[in-house]
Amino acid sequence: MRKRKSVQERKEEVFSAINQIIAEKGFSEVSTTEVAKKLGVTQPAIYKYFNSKDEMILYYLDYIEQQLKEILKKAKSKDDIEDQLRTIYKEYLLFIEKTKIIPRIIFSDVIYLGSDKKLNRLKEILQNFEKHIKEIFKDGKQKGLFSKYDEEALVKFFTGSILSQSLDWMINNMSYPLSSKADYLFNHFKEGFFN
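The working numbering applies: residue 4 is where the sequence shown begins, and numbers increase by one.
Worth flagging that the hints you see were computed from the coordinates, not collected in a lab. Careful: at least some of the hints might be erroneous.
Below 25 Å or equal to it, Euclidean Cα-Cα: the simulated DSS-like pairs (lysine-lysine) are [claimed, not checked]:
#, residue 1, residue 2
1, K121, K28
2, K101, K159
3, K184, K137
4, K121, K144
5, K184, K14
6, K8, K120
7, K120, K77
8, K81, K14
9, K40, K77
10, K28, K40
11, K56, K93
Sequences are here, hints too, so could you generate the full structure?
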């Protein structure tokens, strides 16, 4: 007799299916029907765990938030501000490379249309991530590492370069290891923005 999967195990499977759908077809193709197909279950089986597509997407956004928190946690374990920022570059690009999802989510109109709840949740996640990066820049400014730009501008240049490189990677059919660009990007960021 097979052991019945817990709600958490099934939700993890749903997350994995969503991830595959986004990577293969794009965010707009995420639906309870597609998730059910990926899992080899009926669509009503998905409704045992999620009441709607929006609820499923909100759960997925929670997962992304957890991954971003893990990246920040790794970064904050470093003593040096330069190492903290370099770690964020590397880990964020590695996360995008592994999952192939972040640019597709951020640049997808599906997240922006029809549900303020999804849009607000995505904004909250990204703003919180940027807030923590801003704190690192603020600390760096107090230590004299940055003087020319305010923390808000530094965060925009920093995260913008990551998203820009990710978009380039996707446009080029993911033909190179995205994480291999981390040192290149960070070294140019450092040259342009550090004192």
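Run the distance test for K184 versus K137: straight-line Cα separation, threshold 25 Å.
22 Å, holds
Can the restraint linking K121 and K144 be considered satisfied, given a maximum Cα separation of 25 Å?
34 Å, violated
Distance restraint between K120 and K77, which requires alpha-carbon spacing of 25 Å or less:
29 Å, violated
CA of K8 to CA of K120, is that 25 Å or under?
29 Å, violated
Does K101 pair with K159 here, judged by a C-alpha cut-off of 25 Å?
23 Å, holds
Restraint status (C-alpha distance of K121 to K28 at most 25 Å):
20 Å, holds
Hinted pair, alpha-carbon criterion (25 Å max): K56, K93. Please report holds or violated.
32 Å, violated
When you check the alpha-carbon spacing of K184 and K14, does it fall within 25 Å?
33 Å, violated
Hint consistency between K28 and K40 [alpha-carbon to alpha-carbon, up to 25 Å]
Holds - the C-alpha atoms of K40 and K28 are around 14 Å apart, at most 25 Å.
Next pair to validate is K40 with K77; report whether the Cα-Cα distance is within 25 Å.
36 Å, violated
Tell me if the straight-line CA distance from K81 to K14 falls inside 25 Å.
33 Å, violated
In this structure, the earlier hints numbered 4, 5, 6, 7, 8, 9, 11 are contradicted, and the remaining ones agree with it.
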